[in-house]
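Colleague: Residues per chain are reported as follows:
Protein chains: 2
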Amino acid sequence: MSNPLIVDIHTHVYPPAYIDMLRARHKVPYIHDPSDGGPPRLIILSSDDDSNIPLDQRGRPVDSSYSDINVKLDFMDKHGIDCSVISLANPWLDFIGEEQASEWAQKINNDLESTCAQVNSATATSDKLPRLFAFGTLPLGAPQQAAVADEVHRISALPHIRGVIMGTTGRGNGLDDPQLAAVWGALQDTQLMLFLHPHYGLPDEAFGGPEIVRRYGHVLPLALGFPLETTIAITRMYLSGVFDRFPKLRILLAHSGGTLPFLAGRIESCIAHERTFKVNGGSVQGPQRGIWDVLKTNIHLDAVAYGTAGLKAAVEAGGGTTDRLLFGTDHPFFPPLDEEDEKWTSVTTNYKAISAAFGGDEAVAAVLGGNAVRILNLK
Amino acid sequence: MSNPLIVDIHTHVYPPAYIDMLRARHKVPYIHDPSDGGPPRLIILSSDDDSNIPLDQRGRPVDSSYSDINVKLDFMDKHGIDCSVISLANPWLDFIGEEQASEWAQKINNDLESTCAQVNSATATSDKLPRLFAFGTLPLGAPQQAAVADEVHRISALPHIRGVIMGTTGRGNGLDDPQLAAVWGALQDTQLMLFLHPHYGLPDEAFGGPEIVRRYGHVLPLALGFPLETTIAITRMYLSGVFDRFPKLRILLAHSGGTLPFLAGRIESCIAHERTFKVNGGSVQGPQRGIWDVLKTNIHLDAVAYGTAGLKAAVEAGGGTTDRLLFGTDHPFFPPLDEEDEKWTSVTTNYKAISAAFGGDEAVAAVLGGNAVRILNLK
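Protein chains in written order, with full-length UniProt numbering: chain A, 1 to 379; chain C, 1 to 379.
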């Protein structure tokens with residue numbers, strides 16, 4: 001097939017100002033510079049801040065791929081990616097409360113905007129897509145909900161911002177929190193995409209306790225905890241009626257929806273058999289719209305599933321078309337362990353799965369880039 | 001299409017002796033007879049044993065569908081089911097320790113065997129499949145592992161036992177516990193099917209705490225907690241190398257594998273990027289066989305997914321054939337809320353999804369019954 005446009009909608013950055021802020025901190029999230037002069041360590045997961053692990057070895061090494069936009073551009077070149085929609089990596093501004101939250105959101109969002117503008121200006125050609133767009137970040141810890149909504153409205157006017165990235169805790173009480181109504185309203189009004197992304201995983205007890213979790217490195221928290229966290233968050237959001245009250249909300253779920261596509265049928269069946277809900281004679285309102293309707297209307301999924309089984313479920317859950325599935329890499333996470341590797345396995349695995357899952361060139365091209373261009377209005 | 005054979009491999013019973021034992025108990029699991037003479041209440045989930053709920057209203061009403069085999073046979077007739085492979089419902093014998101465990105396992109297994117024999121003898125015709133087979137239960141709380149293995153060997157000689165049902169805690173420490181080696185060995189030697197089934201769900205904290213869980217009735221624990229529990233259990237089993245040491249183990253995962261088919265690619269990718277494992281230069285052995293190999297060789301999935309998205313992922317994860325997917329109902333759970341309903345929605349939803357997911361009559365017939373007849377040697 002002729003080379004399709006490739007757009008990466010799941011690719012993270014820590015702008016230099018954010019790195020500096022983490023370096024000044026001493027509790028999660030923080031950056032620690034080892035005493036032996038080795039590369040700085042990034043400690044963003046509570047489970048990595050383990051007093052059994054020497055401080056110099058906690059977390060993961062953080063290199064320039066996290067903050068230097070030129071490293072991102074090299075990565076894009078190496079993997080044939082024409083355009084990236086960059087987003088702040090977890091845990092975003094979740095840990096910043098009070099007035100500082102809005103200041104930091106503005107600083108990060110302005111930084112993202114100017115990075116996109118500078119790179120696009122330096123690399124512009126008449127026949128190609130601009131290299132960079134961005135999802136902004138929100139001051140969810142701000143004292144007033146209105147401050148969060150204000151930042152949504154402000155960034156919707158920035159030329160390169162196409163949405164916002166958000167974790168699963170919202171303003172601290174999950175995404176079914178009524179205190180998010182103004183935020184949902186602002187996102188619906190501006191039609192900015194809400195990119196929902198995990199960070200906190202599940203409590204160690206869900207896996208059998210901390211000793212079990214440690215036994216298998218990061219596999220249980222990352223392979224299972226992350227997608228299960230996303231699934232729980234979007235299900236609570238759905239059950240509380242957010243999509244009834246904000247029927248035009250646009251949402252993009254990380255990692256092909258966590259496990260939502262696979263479990264949507266079971267969720268629907270459990271609701272139909274649950275006496276708590278008004279529709280079954282109970283007292284709780286419950287969701288009015290069906291889960292499949294929401295999946296086909298409001299929800300978009302990235303194609304970061306590392307296999308055809310997940311991708312096929314993702315497409316089937318969206319009504320059987322590939323129109324709402326969007327390629328992503330999760331860069332700079334999951335680099336090759338062998339630094340000699342030319343291309344990243346975490347990326348090529350997803351390329352191969354997309355090609356294998358969808359027969360036609362047209363569907364593959366849509367997932368790789370066409371959908372992103374259309375849905376996020378990239379031009 | 002001509003009427004295919006229909007076999008239900010996911011259908012539960014509480015034999016009368018088990019019901020009597022629960023009635024004599026006062027902590028979870030137990031049965032409580034309300035003071036107003038209403039139907040007895042079955043309290044099997046810790047979350048249902050909530051002191052904020054009046055004792056007479058805790059849990060769910062338990063009617064004769066749980067223990068009267070004639071009610072099961074009526075249900076089978078109503079839904080066109082030719083043959084059922086019955087299994088003890090959760091929480092099985094997980095709460096029974098010491099010597100009593102083996103006594104109870106023998107009692108339950110002998111009861112299951114004689115129920116099958118009596119029903120089949122009373123309903124036998126030369127041209128039809130026998131009506132009942134069973135998965136036995138194991139005395140996992142027995143002091144010695146050998147006692148569990150002994151029961152596996154004993155029931156493998158019973159004419160109607162085709163496997164065992166097991167929860168996710170094993171002997172109390174999960175399914176990656178080395179103290180299960182003799183049990184895995186006995187299951188492999190006898191080639192009895194291990195039907196892995198959830199019961200405990202996830203800690204309330206995984207959902208945001210008990211208040212959040214209660215808000216949506218049983219939806220979060222049943223729709224998400226159950227399948228996530230299964231996924232965690234089978235992943236720990238896989239990561240610990242059980243399928244390397246017991247490569248002929250045969251396992252049937254409830255609810256189409258929890259979410260394993262959807263997440264298998266992510267699990268594979270996280271292992272490939274995890275420095276803890278020897279294959280990546282670490283010190284922990286890690287699994288030797290690939291997750292897709294295990295899915296195609298050892299694992300069978302029920303077709304209890306309530307939608308085409310889950311079913312398609314289940315088939316894709318097994319290598320793209322419908323050969324390892326088996327129809328089930330989860331009876332007597334999820335009865336219609338409106339007792340006037342002729343057929344159970346929880347059953348017809350799965351019938352419809354199977355027909356919609358797999359084009360050909362042959363594939364549908366295999367999933368509805370042909371696979372079960374072949375895989376479980378039902379004759």
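Misleading hints may appear alongside valid ones.
What the hints assert, rightly or not - Partial list, computed: chain C residues near chain A (C-beta under 10 Å):
1) 218
2) 261
3) 298
Since the hints were derived computationally from the structure, they do not count as laboratory data.
We treat Cβ as the ideally placed atom computed from N, Cα and C, and that holds for glycine.
Colleague: Looking back at the numbered hints, which does the structure fail to meet, lowest number first?
Modeller: Number 3 only.
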